[in-house]
Amino acid sequence: MSRIGRLPIAIPSGVDVALDGRKVDVKGPKGSLTLTVAEPISIEKNEAGQLEVSRPNDERESRSLHGLTRTLVNNMIVGVTEGYVKKLEIVGVGYRVIAKGPQQLEFALGFSHPVVIDAPEGITFTVETPTRFSVEGIDKQLVGETAANIRKLRKPEPYKGKGVRYAGEHVRRKAGKAGK
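Those letters in the sequence shown? Residues 1 to 180, per the working numbering, in order.
Treat the hints as calculated values from the structure; they're not laboratory data.
Be aware that a few hints might be false.
[Unchecked claim] Using 35 Å as the maximum straight-line C-alpha spacing, the simulated DSBU-like pairs for lysine-lysine come out as follows:
no., residue 1, residue 2
1, Lys27, Lys45
2, Lys177, Lys140
3, Lys45, Lys100
4, Lys87, Lys155
5, Lys27, Lys100
6, Lys23, Lys87
7, Lys30, Lys45
8, Lys152, Lys100
9, Lys30, Lys160
10, Lys160, Lys23
11, Lys30, Lys86
12, Lys100, Lys86
[Unchecked claim] Okay, the calculated beta carbon distance ranges per label pair:
no., residue 1, residue 2, range
13, Lys27, Arg63, 45 to 51 Å
14, Gln104, Lys160, 27 to 33 Å
15, Ala148, Gln104, 16 to 22 Å
16, Lys152, Gly101, 32 to 38 Å
17, Thr131, Tyr159, 17 to 23 Å
Note that this is a predicted model, so its numbers are computed, not measured.
Built from N, CA and C at the ideal position, the CB exists for glycine as well.
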């Protein structure tokens, strides 16, 4: 049995979970999210007010979807209560970021032109310094994808470490050419 899928999901106060067939709606103080559960998996509320994810059999597909579904629903509950944040930093001479409002960032990353990024629906940007910023939202997948797309603009290179990286990310450095 899946150790993760077996665990009940606690519903904190202020969060409303509506189960409608295969659809799970979660509403909280930060917003609302919806998930359609994959076919063999079922979700019920138990008498303790917690959500339980169950599977009908031990087939491979059911086992793989069991823990995944439980984690997705739990991530939705955490998202509408606390939200998710990815912090990024820019390393390099002349590389910087400017906030053009909470929904738009402008990057100077060594290209001949500034790169402008618009936030998808439900994502906000916060710029702390010209080299540090964060991506915030209630959908964990969307926050991670947006941060990855920004990092993809100029990945950290291995010789000087210049580029956009996650805060705390370690970039493996290479030795350059041996000089005379």
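To see whether the hints hold, each was checked on the structure:
no. : hint                        : verdict
1   : Lys27 / Lys45               : holds (16 Å)
2   : Lys177 / Lys140             : violated (41 Å)
3   : Lys45 / Lys100              : violated (44 Å)
4   : Lys87 / Lys155              : holds (15 Å)
5   : Lys27 / Lys100              : holds (30 Å)
6   : Lys23 / Lys87               : holds (32 Å)
7   : Lys30 / Lys45               : holds (22 Å)
8   : Lys152 / Lys100             : holds (20 Å)
9   : Lys30 / Lys160              : violated (40 Å)
10  : Lys160 / Lys23              : violated (49 Å)
11  : Lys30 / Lys86               : holds (17 Å)
12  : Lys100 / Lys86              : holds (19 Å)
13  : Lys27 / Arg63: 45 to 51 Å   : violated (30 Å)
14  : Gln104 / Lys160: 27 to 33 Å : holds (28 Å)
15  : Ala148 / Gln104: 16 to 22 Å : holds (18 Å)
16  : Lys152 / Gly101: 32 to 38 Å : violated (22 Å)
17  : Thr131 / Tyr159: 17 to 23 Å : holds (19 Å)
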